[in-house]
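S.K.: Sequence:
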Amino acid sequence: MGILSKLKDLFTKNQTPDSKDNLISADSESLKKDIYDINEKLKIDYILLNKNLQKILNNLKDDAEVLKKVNLEEKKVESRIRDANETARKDYLFSLEKLIENLRQEKEGDEMFTFTSSELNKFHNQTKKSYQYASLIIGEEMKKIKDRIKEIEKLEADFIEKNRSNLIKKQNLTQLIVKYNEKEKLASKYNEIKNQISEFELSCDNIKKQIMSLQKNLDEKKSSTGYKKRLETQKELQDKKDSLRSLELTISVFFDKKLLERYLQIESNKEIISLVQEYLLNPALALQNDSNLIIIEIFQNISEKLKDGSFNFKDLDKAIDKAKINRQMVLDYHHRLKKYKSEIKIFEDELSKNDGLEYEINEINDKEESIKKINTEISSLRKKANKLDLEVKDKDEDIASMQKN
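Residue 1454 is where the sequence shown starts when you use my numbering, and the numbers rise one by one after that.
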């Protein structure tokens, strides 16, 4: 079994140290102190391990020199086997020298232990074939090197066996610290969210108080004669706007657009052309601004052009009929447009007088909307907090289980 396999075996089997009591600590700081104490106990053995390792490496280097000096020409084998062996020996020696060089690096504690194990495992994987080929005719020297490497593995295996209890305990303590740190991070996030919720709730309470104050003032104003008058004015304003929209719709179809478009083709007066274009674009506004009601004359001209054949329409009688506009109706539309616009302005001016009522209504609506948004945020934060709370409890269970085992 390789040293890495032994390491894995150490931490997957019999993970209960001789003394369970030392694992039960109040927090991660006390766990770190426990690990420090274990490291102090292991320090002497690590130093001794390194000292013995260096001795073996010195011997291994001497063995490598012996292997280099083996004269393959003295071996009674076919040249192709000798050549293959020479190549395998060079490859093996290259990996061996690299291993010795790497293992001489100064490492301490766990780092030295895991680094050495990793380098040995890598060396074995790299030299499987070269060792096999080189051993065909240099068996004794190759076996000596192999036995020397086994000394390193035995050195570490003995270290593991001697310090099994402390190594397992240290591993468990390290895992506990990880769990504690994970729990502390989750708990910190949980507390942060709870604080945010408290701040939002306080903000909601303050806004509700502001709404109550505004509502009180609003209720007082709503009970006043002025407010009732305001409601009446608002209704009258809306009625006038509805009447205006209805009238504008009627006017929009009153003046036939096809006739006006045809008239533009023969008219040369720029002012008349501009006026006709206004009627095509917005008939109601054009009629309101047409103080001399020139549109009546324009349609009279159109009627004459239709009758004398200047305009060629498929259904001439129908076109002549559309060109006949009622002068009194145009006057009435013109008068009503101006009247509605004037009355609407009067109502709007009256309503624009700021008595604070409209402001307070808008203010209440805005604050109620703010409360809705805050409550949505609070709901989302509570879900996150509940999830974090469950995760913290899971970590507590993991920690308790690890301490029990």
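Derived by calculation from the structure, the hints in this document are not laboratory data.
Ideal Cβ positions, reconstructed from N, Cα and C, are used throughout, including at glycine.
Check the hints yourself; a few may be wrong.
[Unchecked claim] Pairs of lysine-lysine, PhoX-like flavour, derived with a Cα cap of 20 Å:
hint: 1; residue 1: K1825; residue 2: K1647
hint: 2; residue 1: K1485; residue 2: K1636
hint: 3; residue 1: K1837; residue 2: K1826
hint: 4; residue 1: K1543; residue 2: K1581
hint: 5; residue 1: K1596; residue 2: K1582
[Claimed, not checked] Simulated restraints, written as ranges between beta carbons of each label pair:
hint: 6; residue 1: I1773; residue 2: E1803; range: 44 to 54 Å
hint: 7; residue 1: E1689; residue 2: K1767; range: 42 to 52 Å
hint: 8; residue 1: D1785; residue 2: N1815; range: 17 to 27 Å
hint: 9; residue 1: N1754; residue 2: L1784; range: 10 to 20 Å
hint: 10; residue 1: K1767; residue 2: K1794; range: 22 to 32 Å
hint: 11; residue 1: K1675; residue 2: L1843; range: 44 to 54 Å
hint: 12; residue 1: S1705; residue 2: G1762; range: 21 to 31 Å
hint: 13; residue 1: E1526; residue 2: E1550; range: 49 to 59 Å
hint: 14; residue 1: K1798; residue 2: K1642; range: 32 to 42 Å
hint: 15; residue 1: E1689; residue 2: E1822; range: 23 to 33 Å
hint: 16; residue 1: D1785; residue 2: E1673; range: 21 to 31 Å
hint: 17; residue 1: Q1856; residue 2: E1652; range: 30 to 40 Å
hint: 18; residue 1: E1493; residue 2: L1843; range: 50 to 60 Å
hint: 19; residue 1: Q1856; residue 2: K1496; range: 52 to 62 Å
S.K.: All hints are to be evaluated individually against the structure, with a verdict given for each.
M.R.: Structure-based check of all given hints:
| no. | hint | in the structure |
| --- | --- | --- |
| 1 | K1825 <-> K1647 | holds (19 Å) |
| 2 | K1485 <-> K1636 | holds (16 Å) |
| 3 | K1837 <-> K1826 | holds (17 Å) |
| 4 | K1543 <-> K1581 | holds (14 Å) |
| 5 | K1596 <-> K1582 | holds (15 Å) |
| 6 | I1773 <-> E1803: 44 to 54 Å | holds (48 Å) |
| 7 | E1689 <-> K1767: 42 to 52 Å | holds (48 Å) |
| 8 | D1785 <-> N1815: 17 to 27 Å | violated (40 Å) |
| 9 | N1754 <-> L1784: 10 to 20 Å | holds (19 Å) |
| 10 | K1767 <-> K1794: 22 to 32 Å | violated (39 Å) |
| 11 | K1675 <-> L1843: 44 to 54 Å | holds (50 Å) |
| 12 | S1705 <-> G1762: 21 to 31 Å | holds (30 Å) |
| 13 | E1526 <-> E1550: 49 to 59 Å | violated (23 Å) |
| 14 | K1798 <-> K1642: 32 to 42 Å | violated (60 Å) |
| 15 | E1689 <-> E1822: 23 to 33 Å | holds (30 Å) |
| 16 | D1785 <-> E1673: 21 to 31 Å | violated (46 Å) |
| 17 | Q1856 <-> E1652: 30 to 40 Å | holds (37 Å) |
| 18 | E1493 <-> L1843: 50 to 60 Å | violated (39 Å) |
| 19 | Q1856 <-> K1496: 52 to 62 Å | violated (26 Å) |
Violated hints, listed in ascending order, are 8, 10, 13, 14, 16, 18, 19; each of the other numbered hints is respected by the structure.
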